[in-house]
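Number of protein chains: 2
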Amino acid sequence: MANLAADLRHRSLPSKSDSATEQGNSVGAVPVSASDSDEDDLPVKPSKPTPPPQSSDGLDEALKDFSPRWRNWLIRGIFTWLMIFSFAVLIYLGPLALVLVTFAIQIKCFHEIITIGYIVYRSYDLPWFRTLSWYFLFASNFFFFGESMIGYFGVLLQRQDFLWPFVTYHRFISFSMYTAGLVGFVCSLVKKHYLKQFTLFGWTHVTLLLVVAQSHFIVQNVLEGLIWVLVPVSMIICNDIMAYMFGFFFGRTPLIKLSPKKTWEGFIGGAFSTILFGILLSYVLLQYDYFVCPVSYDETKGALSMDCQRSHVFLISDYTLPETLQGLLKLLRISSNTVGSQKTTISLYPFILHSISLSLFASVIGPFGGFFASGFKRAFKIKDFADTIPGHGGIMDRFDCQFLMATFVHAYHFSFIRVPNPQNIVQNVLMLKPEQQLQVFLMLQEKLLKRGILENVTTSGNL
Amino acid sequence: MANLAADLRHRSLPSKSDSATEQGNSVGAVPVSASDSDEDDLPVKPSKPTPPPQSSDGLDEALKDFSPRWRNWLIRGIFTWLMIFSFAVLIYLGPLALVLVTFAIQIKCFHEIITIGYIVYRSYDLPWFRTLSWYFLFASNFFFFGESMIGYFGVLLQRQDFLWPFVTYHRFISFSMYTAGLVGFVCSLVKKHYLKQFTLFGWTHVTLLLVVAQSHFIVQNVLEGLIWVLVPVSMIICNDIMAYMFGFFFGRTPLIKLSPKKTWEGFIGGAFSTILFGILLSYVLLQYDYFVCPVSYDETKGALSMDCQRSHVFLISDYTLPETLQGLLKLLRISSNTVGSQKTTISLYPFILHSISLSLFASVIGPFGGFFASGFKRAFKIKDFADTIPGHGGIMDRFDCQFLMATFVHAYHFSFIRVPNPQNIVQNVLMLKPEQQLQVFLMLQEKLLKRGILENVTTSGNL
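So the protein lines, in turn, are chains A and B. In this text, residue positions in the first sequence follow the UniProt record's numbering: the first is 1, and each later residue adds one. In this text, residue positions in the second sequence follow the UniProt record's numbering: the first is 1, and each later residue adds one.
Careful: at least some of the hints might be erroneous.
Any copy will do: because identical chains look the same in the list, a pair fits if it lies in one copy or spans two.
[Unchecked claim] Listed below are the simulated BS3-like cross-link pairs for lysine-lysine, each with C-alpha atoms no more than 27 Å apart in a straight line: (1) K450 x K301; (2) K433 x K447; (3) K191 x K383; (4) K450 x K192; (5) K383 x K192; (6) K301 x K447; (7) K330 x K191; (8) K433 x K450.
Hint data in this document are derived by calculation from the structure and do not stem from the laboratory.
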């Protein structure tokens, strides 16, 4: 707690707005017209000429002989490895730990962005603003988390007496909670602050949309199997690191004005490394059921289980090579005088092919999440979202691309991978009233008989 | 088209911001600090002293002898009846027409709000702003509409060859469309305008959240049965009119600072009228299958159908009266010397009771939708969202409460009314591969045998 004040002094945001006030032209005033003259050409500079990166004092001391550029590089590197190590521990601890940490990260990101709004719009005296923001965060998490849980474990949860009303009336409870927040917001409106209050209402909601809603896709991906989180998260990290390394050593051609440090060399080097890394990582993880099985409830054990019959994407399949490729292989074989049976198929895990799609997104579209965040930071003239992680900035600075990636993985999985789970459908039927269960059974029997999937049935209901 | 310029002159927004510029203190500057001094005590005044309400010239001419207050009252009344009449025609035309008009209204509301953002932030020279806004509107409608259609008619749509990929990959296509918009936004960022561009990005997204997302609940309510739209929409209209009437004739005590014209007398009078009106309207509509049946696809007819077996909420049930009420009735009977069998139950349609819940929401919480809109208008110093409907303002001015109401109805229906439709579940099973269909059938058979719902079955699959 003691160095919080020092930390705040290092952060560019408050000092920027302080100096802006002295000039009688504050940050918040920019939306109107002052913005045109108020922008500078260079990447946003922090308030001190060569700012020492935020780090523990011991590390600062040990690295004092290095030039600032190398020192930054080293500190960033050390904390990168620390984060990777923590992530590995998390994976070892299992899905529940991962879900909890996702929540913690989401809350911290929300806090970072709301704090920026709080400072930019100088909302210190807005009545109820902080309380309402946290309330909306709580209400939306209640909604999204409940929807995920009901989707995956509805039948299980409904069996618990005290959870039953939450499962059955979840949408109504969520709506009531949100509406209470809205009524609270309307009641908190004070004539003097209308515009600020509505601006921050919008600010809170865009944050909820971009951070909270998307973070729940991470939770859903965890439940689909750890590989659906581990691979994409690692890809983004790999792309970040490799783009940084390639850029650091070979970077020459600037990529985009928004992020002046990004180069084409870094972009391309990052992309190739990510594809390669993605294939290798996927191949290793595919060997373990722990990573490929969705979280499910095992009725016989009475506990959550990570055993499963593997989905077809995690089982080796034969792919027929396209004819052009077959011809090419034939030519190669003739020219090298190899004799043998002509190979027209190739055996691999389908997931390896999917991993290439994921890599491509992680390295081509993923960075736009980062560009978006860069643009946002430049719009509000801040260097980082916060300075939670030494050498990296705020949590949000590291997770800007992760959220977009998680949404991509969710949409990809939902559209191309997910096969409706027969067990889930049966569970849904078992949530109905007995006479409806029988009705479904008889209707299904009739349809399947008509389609020739069933034959010779004699049934009698018992209701 | 000729009187567009004149219309614009009547609207307070442009003239307000013009005059603000002259004072060197424009509307958009308020977020910072000028706001504190820039608010006035009175309801927002239009730019002219006694503004003639917007209406067709003929109407203006005919009403020129009335005082402005009465003239406004009359014009508002005439257009209220015109809208009610159009709504009745729509109901007659059926669910498809209602869905189409919901879309039209939603697009117009989006347009009105975006235009305000466009003017407030003087975004005339922002590259791609309008195009991106419309694109995001299109993409989010594609997503929400698709989700509704797949939810209700998935099996039917999947049978059409050309629609099949849209049904199967809907979430992926929607995500790709949205991401393309996001990439477009990042690419459109221009150094000079960062802050404006991010502000309007937020503006667009909050509008999408509050208008577009909520309007799709109206569409879903239409599909659940016309009564789920007709009753709540009429309730809001009734509450609006009756609160206005009671306020006009008896209004004395101000209700809330945000809407200085609203009074407690209007609020209470509106609430009682709405409950009464809701019960009467529900009772009438309950007599017709046309209003209570959900839209479904009739396989034998090969067309959409509005016939159904009524849900239990639309069938007369016996309710046991609470004991206190029974005692009260007994006392009454004794005091009036009536002799007869003691009545302990009462017969009514369950929907009548639900209609009271809906009325209560429409008249107690519903107005907060309006207060929110009022606050928004006051924050940006505009009188109305637009002047599309003479005497009423913009479409958004009439629909502010309807969106919140539709979301309430959706959540209410989802939690308390909806019984999972056995037919839908069977259709979901039929979307699986044949071997999975058989698997579901056999699993269900086993579970139902175990639960004693089925007995004596002999089945053999044919795969």
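Going through the hints against the structure:
In the homo-oligomer, the alpha carbons of K450 and K301 lie at most 27 Å apart only across protomers (19 Å), although the nearest pairing inside one protomer, at 38 Å, exceeds that limit. In the homo-oligomer, the alpha carbons of K433 and K447 lie at most 27 Å apart both inside one protomer (21 Å) and across protomers (14 Å), since each shortest distance falls under that limit. In this assembly of identical chains, K191 and K383 lie within 27 Å of each other by CA distance solely across copies; the values are 16 Å between and 34 Å within a copy. In this assembly of identical chains, the alpha carbons of K450 and K192 never lie at most 27 Å apart, being 70 Å within a copy and 67 Å across copies at closest.
Taking the shortest Cα distances, K383 and K192 sit within 27 Å of each other only across copies (18 Å), while inside one copy they are farther apart (31 Å). Taking the shortest Cα distances, K301 and K447 sit within 27 Å of each other only across copies (18 Å), while inside one copy they are farther apart (35 Å). In this assembly of identical chains, K330 and K191 lie within 27 Å of each other by CA distance neither inside one copy nor across copies; the values are 80 Å within and 55 Å between. In this assembly of identical chains, the alpha carbons of K433 and K450 lie at most 27 Å apart whether taken from the same copy (26 Å) or from different copies (15 Å).
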